[in-house]
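Chains as they are written, first to last, in this note's numbering: chain A, 1 to 136; chain B, 1 to 136; chain C, 1 to 136; chain D, 1 to 136; chain E, 1 to 136; chain F, 1 to 136.
One or more of the hints may lead you astray.
In the DSS-like style, the derived pairs of lysine-lysine whose C-alpha atoms are separated by at most 27 Å in a straight line are [said to hold, decoys possible]:
#1 B:54 x E:54
#2 C:54 x C:17
#3 B:59 x E:54
#4 D:95 x C:54
#5 A:54 x F:54
#6 F:59 x A:54
#7 D:54 x C:59
#8 A:59 x A:17
Calculated directly from the structure, the hints in this document are not laboratory data.
Protein chains: 6
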Amino acid sequence: MSTISRPQNPESNPRVKAVFDDIRATRGSDFINNLWHYLAFDASLLETIWHDVKAVMAKPSHLDPMTKELIYAAVSIANSCDYCIHTHTAAARGKGMTDEQYAEFLSIVSLAGRTNHLLNGMNIPIDPEFNHENES
Amino acid sequence: MSTISRPQNPESNPRVKAVFDDIRATRGSDFINNLWHYLAFDASLLETIWHDVKAVMAKPSHLDPMTKELIYAAVSIANSCDYCIHTHTAAARGKGMTDEQYAEFLSIVSLAGRTNHLLNGMNIPIDPEFNHENES
Amino acid sequence: MSTISRPQNPESNPRVKAVFDDIRATRGSDFINNLWHYLAFDASLLETIWHDVKAVMAKPSHLDPMTKELIYAAVSIANSCDYCIHTHTAAARGKGMTDEQYAEFLSIVSLAGRTNHLLNGMNIPIDPEFNHENES
Amino acid sequence: MSTISRPQNPESNPRVKAVFDDIRATRGSDFINNLWHYLAFDASLLETIWHDVKAVMAKPSHLDPMTKELIYAAVSIANSCDYCIHTHTAAARGKGMTDEQYAEFLSIVSLAGRTNHLLNGMNIPIDPEFNHENES
Amino acid sequence: MSTISRPQNPESNPRVKAVFDDIRATRGSDFINNLWHYLAFDASLLETIWHDVKAVMAKPSHLDPMTKELIYAAVSIANSCDYCIHTHTAAARGKGMTDEQYAEFLSIVSLAGRTNHLLNGMNIPIDPEFNHENES
Amino acid sequence: MSTISRPQNPESNPRVKAVFDDIRATRGSDFINNLWHYLAFDASLLETIWHDVKAVMAKPSHLDPMTKELIYAAVSIANSCDYCIHTHTAAARGKGMTDEQYAEFLSIVSLAGRTNHLLNGMNIPIDPEFNHENES
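Model the full assembly from the supplied sequences, consistent with the hints where possible.
And the structure:
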């Protein structure tokens, strides 16, 4: 049950069509997932979000593609975003993630959940050794 | 300001000493950060948490060490755990993260924060193409 | 799948009936949404929550009604509360929100998600210029 | 660094004085903690929040006082509310919590953090056995 | 819709069978809920998580069993983990929670949500009276 | 304690200087707050984030400026981002927010925190009346 309606013929709007064409070209695929279909209810918002995603995920990078998807999925899990969890887990698989790597990813994410709660509960001082400003 | 007191001579408790010795041996360093010093108020809790961290972070792995720290840090940011953010950002640097990689990491984490909020707001259906159960 | 059962004839309890009557009178509508039906499993909890909601949302106000719903929906998105997102997005529409305003609302909420993650990751000092205590 | 200024003579406002008097009487103590001092910038908000807290925490109860504080502290940890963590951990100690119980509390809260992240990541179906609606 | 597939004959793997046998023995029940069935996709992850849960929830304890489940459920609510909310609410009922106690639990959890947001918004200083380190 | 060092002469980098000049021109002020100073450690990240903020907060709008800041601050509170809470609360004051409006804002944000937790705990079905897709 969505808070907006999925537009029926989104590409009749030339601004939407331009974004959809760019998605297809950037990804080398005809598949346009629901996010973009629903965002088409407002061409300006669609352009803003696509611009952002393309700038970060499709540009030349200092991190390998699977690592980028794992970072994205890790944040999405902590924020309980079901849609994002599914898209970025699938993308990580598409970029080579094995079942063993996925299991290890889940073990790290859940361990972080554990120590995050422990340390937020204890509220102890951060060791000065971790202050990056000291080092420059 | 902490919710517990930092024990004065934690290693006078042999169970604590055994854990501290294992931390030093596992990490190849004499530095014991505050987390373990404060956890020493309860030997059983200290053992449980160290067991968990060692099992996940120090075992043979299907992911490279820097990627593991980035996943850990990503969750910690989403959970606002200042202590964890500092320790795992420092650990990622210790495992080779450059400033360019850190900047890219921050761009991915913050983009995930953006689309997580967008999609939680819209609540759209997950495309059946992302259902991993279909594929097995 | 709920953690409690929806009571069958809630208004047979006079305390529940009194709250339902007040909801209808306050809102000028016969529609009682699921929240209140389920809360009727415990008359005391129902009274507490309705008292709270009425005190904040139905009293004379220094903010316009649509703005109040947008603030409510923004928090609900950050907390991943699907039920609350739907009720308060619908309420904002009922108080005049256009599709253009909704798109802009989503762009602000998601941008906040982005910079919240960025700044929680960087953990930089707050500029003294933002300290309201300085100004009094 | 606060977003509001701490009022200088809050009890010169009779509405504030009435709330402060009720806090002292309810708690049997002259200590008024910072929350109430700062909230005194707006008598209406002060009354609303005190009304809420008193209704839940000071009324005759089906749960023992220490358990109530532990539930409160658990939520506060998950929400990263430092002020609330400190007040409700201290309150739990004031109601009899031992160090052993606090250590066990932290082990449960952090384990929940772990499995919450694991299950939000996996997104598996809830077993029908857990549906309370089936049972009525 | 899950991110992993539920293994068909998990107990054909002896490591999985050993964990399932231990779950049945520890709980005194033949029912194995979905969490463990899905985790069986990776025996190592299954062992890690079961080890953690057993160590915390099934050991001799300084807190009563229902209180432990309420703490677990409270964190799960704050983290929006639907699966965990259902399992631990059901477990609390199984350990004696009445409807009156559940209503009171919900009133505390939701009040904590309220003051957590209020105090995170105001960002006021923690009273030195709450500093446990002062007391030792 | 930050995870990055504040660059000493950021405007010696022409890409940084171009962004800083645009911030000054857009805001009509010489004040550059810490966020931008620290982000200057990576010109590309600085450009990305400033582009995003400018696109949303400084463009012609369907919402009034104070409402936009309140929505931003509401999300920041729910995400425990201290820096963001301070900047956007100060910005709301700069755009006319009175103390009465701020108190009402806090009452709404904290009430949302309350009902978000309540409804995430109960997990009740969303009324079909709130389905916007039905209406198109």
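Hints, one by one, checked against the model:
1. B:54 x E:54: holds, 18 Å
2. C:54 x C:17: Judged against 27 Å, a Cα distance of about 16 Å means the pair holds.
3. B:59 x E:54: holds, 21 Å
4. D:95 x C:54: violated, 33 Å
5. A:54 x F:54: holds, 18 Å
6. F:59 x A:54: Since the Cα atoms of residue 59 of chain F and residue 54 of chain A sit roughly 21 Å apart, the hinted pair holds (cutoff 27 Å).
7. D:54 x C:59: Answer holds: residue 54 of chain D to residue 59 of chain C is near 21 Å, not above 27 Å.
8. A:59 x A:17: holds, 22 Å
Violated hint: 4 only; the structure is consistent with all others.
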